[in-house]
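Peer 1: Let chain A serve as the given structure and place chain B on it in line with the hints.
So the sequence lines, in the order shown, correspond to chains A and B. In short: position in the first sequence from 1, add 869, done, that's this note's numbering. In short: position in the second sequence from 1, add 869, done, that's this note's numbering.
Do not rely on the hints blindly, as some may be mistaken.
Identical chains share a label here; the pair holds if one copy fits it or two copies do between them.
[Said to hold, decoys possible] Heads up, simulated SDA-like pairs for lysine to any residue below, C-alpha to C-alpha not over 20 Å straight-line: (1) K1011 - P893; (2) K941 - R972; (3) K1163 - P1177; (4) K1192 - S1009; (5) K1064 - D969; (6) K941 - A966; (7) K1192 - S940; (8) K1011 - R1138; (9) K1081 - G1169; (10) K1129 - T1114; (11) K1011 - L1185; (12) K890 - S1009.
Quick caveat, the hints were computed from the structure, so don't treat them as lab data. Only a predicted model underlies this, so the values are computations on that prediction, with no experimental measurement involved.
Number of protein chains: 2
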Amino acid sequence: MINIAIVGYGNVARGVHKALKNNPDMKLAAVFSRRPEAVRKEIGSIPVIRTDKDAPNQSVPIDVAILCGGSKDDVPVQGPLFARRYSTVDSFDTHAAIPDYFRRMDTVARESGNVSIISAGWDPGIFSLERVLGDAFLPSGKGYTFWGVGVSQGHSDAARTVEGVIDARSYTHPMESAMEQVRDGKTPEFTSRQKHRRVVYVVAEEGADKEKIRKAITGMPNYFSDYDTEVNFISREQMAKEHNTYPHGGFVMTSGTTDKKNKQIIEYRCQLTSNPEFTGSVLVACARAAFRLKNAGHKGAYTMLDIPPALYSPHLGETLRSKYT
Amino acid sequence: MINIAIVGYGNVARGVHKALKNNPDMKLAAVFSRRPEAVRKEIGSIPVIRTDKDAPNQSVPIDVAILCGGSKDDVPVQGPLFARRYSTVDSFDTHAAIPDYFRRMDTVARESGNVSIISAGWDPGIFSLERVLGDAFLPSGKGYTFWGVGVSQGHSDAARTVEGVIDARSYTHPMESAMEQVRDGKTPEFTSRQKHRRVVYVVAEEGADKEKIRKAITGMPNYFSDYDTEVNFISREQMAKEHNTYPHGGFVMTSGTTDKKNKQIIEYRCQLTSNPEFTGSVLVACARAAFRLKNAGHKGAYTMLDIPPALYSPHLGETLRSKYT
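Chain A extracted, bound-state conformation (with noise of 0.2 Å):
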């Protein structure tokens, strides 16, 4: 039985507290969290310890933490403060940091002898590890990711400052006619408008300007200006109906030929109707991983991509290779 612990109790956490479920060699060891009272309210009987500094330092049995807090603020901290006690999982998705975030999680998991996964989930995680292989299998190709139908958190953040509005969801759509051309072994440079548009649905203020907001949302550096953005002004009660759960997705594909005139062509793709609970359950398989490296004698920081992919599995590798291969 491997003993897990959650790091947060937000939406990530509870997709892994629910995928544990589906794990019978896991279990819900204890909840670390800024709010325990709160927590220990949602979730009954499981030890719920109040995060900070000491947080790490007592006495419930625990293998593995998986942290579950946000990667602007949350995760550059708790990740080396749990990473000196425990084997750790975390789903840090700021791209450009990750491998400075590496390397400091491999110094610290390297002294304290703990196995660290970072960047997990289905992007980063499944998706750079299927980047990595469609570059691998076709090195003359090109590859492309794209994101959707799905809920854009940081967007909807973002519309959600603009002056009028009560509240605002954003969502991410491929673009069909990007996808087909690299399906049809056509290997274009994009630009962010060719591959993404954005639709964005925002209850306003009583007697607020529409246009006005429209045209702040749809001019937005960096989250809107450079798509296609399609603003939908809804009521409360249909935002509380029509959006009120987290569907996301994507596409990882890559193109290529061989010997020249052979067009290859990999497409990967997750089509979720709940982002948060599906990176739980990575989190859960890769927390199954950690703990087997580490009884295997590993330490230090890992991603997806160091990690033999029979290690998140509950079989046995005798199983795999009988009904798997």
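Peer 2: Frame of chain A, contents of chain B only:
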């Protein structure tokens, strides 16, 4: 520079040879063949060595031998023979015999201190990997493999045994209706007929009874009787012109739910204009992994389930983390 030997010079070997040109860290050092004169004519200045039981005992420097012979008679003999002297990669694809072949190769490779990657390619190989990942990330889900559109060599050979048939080519088509059900989040049990259909192109002897040939093919047990099979009669010229390539492809899908109701779908797809060239390209990436595993002190048999994906890549870990994660 990794020195590669090719054992057996057929279509997959030609694919390996072409793939080596796209991978500048490797070079073809030697070819082993039972018909060295013919191969020498085809490939020029590279040493060609006659395959016999003393074949591996020669002086050309070789790091990894890629075994490109057939799974029925060649690889089961050549695998242990070459693993005594070199690290090896093969695409042994007799699914039911993989566990036993793995044990035999593991014993030899451990004794000789080499790394033997068995059953590599796209299926078994990448598809095995995707089946295991799908199962690990969605443990409450159900996995499906669909093949096609592509040429089935075994079914083509079977159709060719029918009296009155001069030449035949059998294509496997996946059933879109079944794939749509899986993409829709359903997890049905399919019969063979519901998953695939077959389309056979036949060149018949002049004056042959076409209706009799059609019935003999569509009623053939193990090969065609469990499928809806369409038989088309064509001329020698059409066969030579329209059916001279080896396309293939397929789909690995996992459909599952998290928290009972949230559907999560993963789909991996290959669409290959040249099956042997893509297989060759995968085997070459595996040779890189075998070389690195041995250099890191490992030995024994591996499948693609046991290999950290970064080892396939020509890029360093630091580059992978900054550009692919």
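Peer 1: Looking back at the numbered hints, which does the structure fail to meet, lowest number first?
Peer 2: The structure conflicts with hints 5 and 9, although it agrees with all the remaining ones.
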